[in-house]
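Read off the chains here:
Protein chains: 2
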Amino acid sequence: MSADAAAALIHHGDNVGMSGFTGAGHPKALPQALAHRIEKANQDGGHFRIGVWTGASTAPELDGALAKVGGIEMRLPYQSDPTCRDRINKGEMDYIDIHLSHVAQFVWFGFLGKLSVAVVEVAGILEDGRLIPSSSVGNNKTWLDQADKVILEVNSMQPLGLEGMHDIYYGTDLPPNRKPIPMTGPGDRIGTPYLHVDLDKVVAVVETSQPDRNTTFTPPDENSQRIAGHILDFLGHEVKKGRLPANLLPLQSGVGNIANAVLSGLNQGPFNNLTGYTEVLQDGMLEMLKSGKLSMASSTALSLSVEGMKEFLDNLDFYRQRIVLRPQEISNHPELVRRLGIISMNGMIEADIYGNVNSTHLMGTRIMNGIGGSGDFARNAYLSIFMTPSVAKDGRISCIVPMASHVDHTEHDVQVLVTEQGLADLRGLAPRQRATVVIERCAHPDYRPALRDYVARAESAARNGHGGMQTPHILDEALSWHSRFEREGRMLAQD
Amino acid sequence: MSADAAAALIHHGDNVGMSGFTGAGHPKALPQALAHRIEKANQDGGHFRIGVWTGASTAPELDGALAKVGGIEMRLPYQSDPTCRDRINKGEMDYIDIHLSHVAQFVWFGFLGKLSVAVVEVAGILEDGRLIPSSSVGNNKTWLDQADKVILEVNSMQPLGLEGMHDIYYGTDLPPNRKPIPMTGPGDRIGTPYLHVDLDKVVAVVETSQPDRNTTFTPPDENSQRIAGHILDFLGHEVKKGRLPANLLPLQSGVGNIANAVLSGLNQGPFNNLTGYTEVLQDGMLEMLKSGKLSMASSTALSLSVEGMKEFLDNLDFYRQRIVLRPQEISNHPELVRRLGIISMNGMIEADIYGNVNSTHLMGTRIMNGIGGSGDFARNAYLSIFMTPSVAKDGRISCIVPMASHVDHTEHDVQVLVTEQGLADLRGLAPRQRATVVIERCAHPDYRPALRDYVARAESAARNGHGGMQTPHILDEALSWHSRFEREGRMLAQD
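Sequence order for the protein chains is C and B.
Quick note on the working numbering: the first sequence kicks off at 99 and runs consecutively.
Quick note on the working numbering: the second sequence kicks off at 99 and runs consecutively.
This list has only true hints and no planted wrong ones.
Using 20 Å as the maximum straight-line C-alpha spacing, the simulated DMTMM-like pairs for lysine to aspartate or glutamate come out as follows:
1. 212(C) x 523(B)
2. 339(C) x 271(B)
3. 299(C) x 225(C)
In silico contact screen, one side only, chain B against chain C (beta carbon under 8 Å); selected entries:
4. 189
5. 436
6. 464
7. 531
8. 568
9. 584
If you are wondering where the hints come from, they were derived from the structure by calculation, not from laboratory data.
Just so we're clear, the structure is a prediction, and the values are computed from it rather than from any experiment.
We put the CB at the ideal spot given by N, CA and C, even for glycine.
Construct the complete structure from the given sequences, taking the supplied hints into account.
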């Protein structure tokens with residue numbers, strides 16, 4: 099069927115579960131046709147808006163196209179598209195930010211309402227109807243199982259050589275019938291390489307031939323390399339102290355430049371026979387697989403640069419033996435993250451002096467992307483590490499603040515903070531001890547005096563009966579750095 | 099050995115792992131003897147302070163006695179003693195607030211330093227050296243395994259009839275050697291009824307005969323009954339919608355008056371064949387076991403009133419068949435909470451309009467008790483419910499505020515908020531939608547106009563480019579309610 103004809107099967111008010119995770123494996127033709135249909139309907143005075151559920155972020159031809167025509171009523175669970183973000187922050191569409199491991203079960207529980215249509219990209223369809231998944235798995239199993247209608251988009255750009263790389267676990271169930279997930283190592287295969295679908299629900303098959311989101315690999319900048327250096331030193335120290343095995347524990351690595359720098363550092367580093375258990379496999383892990391530093395990697399998506407994708411395609415047989423792509427409810431499952439003892443490394447927007455982390459909101463009010471899987475990993479990890487450069491906007495923003503303007507990871511879930519300045523090991527420290535370490539190790543020197551002054555005055559106030567000494571704060575000033583940035587474009591008053 | 103002689107085996111700087119969870123099963127004689135020893139040492143110009151690690155809260159003769167003499171350098175993971183709290187908030191002792199399920203593994207990982215001494219109350223010692231645990235299990239397995247020296251306190255007030263009620267799981271391990279925990283129902287027994295200890299490490303056995311912390315049962319007040327009513331209506335609605343089985347799912351219930359009211363309501367309510375999977379078993383669940391409404395309950399501690407304890411002792415054989423007491427790493431384990439699909443109901447200090455919950459800090463700075471197990475349960479539960487009266491201090495404090503002054507449970511982890519005013523079901527709602535529901539359903543009518551006004555002005559500011567519409571806030575005002583309370587003793591300006 100043409101994408102236009104298939105798009106006609108989606109109606110106003112539908113909740114549509116789309117494939118796609120970090121710009122990989124999303125449908126390409128259907129969402130653009132749908133955006134066109136919506137644009138036309140709304141031009142003619144109609145009101146056509148849908149709910150868009152995905153695995154995580156997609157690409158301009160999905161989130162971008164639908165947001166541009168105002169076609170999204172509600173979006174979940176993670177997005178990173180500029181148009182989408184702009185609409186959300188203008189109040190023109192709703193966004194629900196959910197732990198990535200929670201999404202599938204919330205749909206099964208019926209907490210998010212009815213899923214009308216699944217739109218899932220696949221690499222191929224076997225004669226018996228089983229589906230070869232494409233470059234991400236995300237929530238596809240759940241979308242196919244739960245939707246009334248299914249639209250498949252067969253993308254001939256997705257290599258058929260992906261067949262056999264996926265591991266779709268069909269053993270989940272609803273409480274009280276859940277069983278232990280039978281995985282004890284990051285490379286265990288516990289499911290089947292194929293997605294199943296009730297063929298009676300398939301209302302359209304659309305053909306396309308378009309690449310995943312193109313990214314260009316940028317070599318790590320100096321700050322990212324410094325952050326990576328601090329983390330490598332720390333891991334080495336932990337091994338020496340006997341708190342980590344010589345080959346570490348399975349690595350989870352967030353998306354982006356810093357994460358790639360850490361992986362690049364590990365690729366040059368002293369640790370061998372490493373493993374990955376993460377949600378997105380990027381160039382950094384691919385290089386580690388190639389070099390042999392990494393013996394295998396598990397994730398729910400392949401998000402590669404153009405160069406990375408070429409390397410991957412050229413050596414597909416090699417990588418198929420070393421990569422397992424799983425549903426995100428498995429890649430991010432608390433049970434497995436805790437059991438495997440993940441070393442979790444994620445970026446953040448800001449941290450406060452007591453170790454609370456903001457991963458989602460700029461100045462407390464504007465959504466950036468979403469929490470993604472960081473909560474799934476950090477809460478249950480063996481080690482939870484959060485990373486950021488110490489300043490942003492040419493130094494006008496400090497990423498270490500008196501009080502986080504939004505909290506996504508509480509003091510209870512944050513063990514290590516890292517900036518290019520240094521690494522703060524918060525394990526076993528009470529809040530005021532944490533404040534000292536965070537300021538002296540992680541804050542940019544330009545901001546240390548103001549942070550020290552804040553702490554000193556907050557403690558002095560508490561000693562004089564205005565507040566407690568567990569977590570001293572000056573409530574009228576705690577968010578003043580953010581407020582000043584909103585007014586003056588910088589967090590600290592100019593000298 | 100006398101308690102005094104045993105106390106002499108503990109030295110300045112030791113980290114001491116004590117038994118005890120919610121006033122149950124803590125050592126009684128040793129801590130008091132130790133407090134005496136510390137008081138004397140410090141009177142003579144010495145400096146004698148220890149680290150005190152427990153299961154959760156204890157009682158005046160442990161936390162109270164040691165805090166009174168200034169003998170605690172650092173305390174973890176949960177406390178509720180007034181003297182202890184006062185010292186913490188004055189900055190005279192450090193307190194590290196940790197998820198209760200994290201404590202044991204952090205000690206095994208070596209994240210909290212060396213555990214010097216374990217002081218564990220037991221109900222009895224078998225001839226072969228196996229220990230009959232007392233009224234709580236907490237972290238005792240870990241203390242006995244990890245400490246260099248072990249002091250046992252045999253309390254003849256603990257009924258020997260407890261023998262067989264416990265289930266101590268010895269299958270935990272360190273990553274990468276962890277295996278699935280073989281439990282699929284709340285009543286499954288997966289371990290042994292006894293604690294094991296290396297007899298060579300036992301340096302003292304102390305005899306005592308003292309009761310657990312005495313509490314008197316207070317019948318639920320009107321607000322608690324209303325909160326219970328809202329929750330019962332909600333659960334009934336969920337069953338009707340097919341989102342919960344007719345016998346619900348295993349119940350986790352926090353401590354206190356509201357929790358007991360909910361259980362009391364359930365005891366009169368329409369649901370049958372219920373189960374409990376919780377960290378503390380209080381009078382409410384005991385009554386439900388007695389009535390048959392509850393078929394079994396799993397917890398890590400028995401925290402009963404004087405009347406409840408009498409009922410329990412009089413019918414020990416009946417309750418032994420229906421209660422399983424487990425280590426807190428199992429009672430609160432994320433793997434099990436998620437698998438079993440717990441209905442989690444916990445108290446809180448305040449929630450903000452967007453659904454962020456503060457469980458620990460008064461006015462953002464003073465610790466109350468600690469996060470306890472609320473994070474273990476809420477994040478992984480089938481349903482996470484938080485409860486509080488809508489106001490405190492005779493109405494001078496609103497428990498629904500513009501911005502939480504401390505965040506322990508983020509917007510991502512809070513599904514349902516309940517006050518005596520009503521219930522806010524936040525599932526599937528974006529932040530601004532949540533704000534409306536929280537204000538109109540949960541806030542006290544006296545505070546609704548001010549909350550509505552805050553939201554309206556925050557949204558208006560965002561529309562005018564000052565901030566985003568995802569989570570609108572007025573940063574200079576977000577914590578002003580708390581600040582005014584600190585200054586004027588009330589959150590809102592007087593008319």
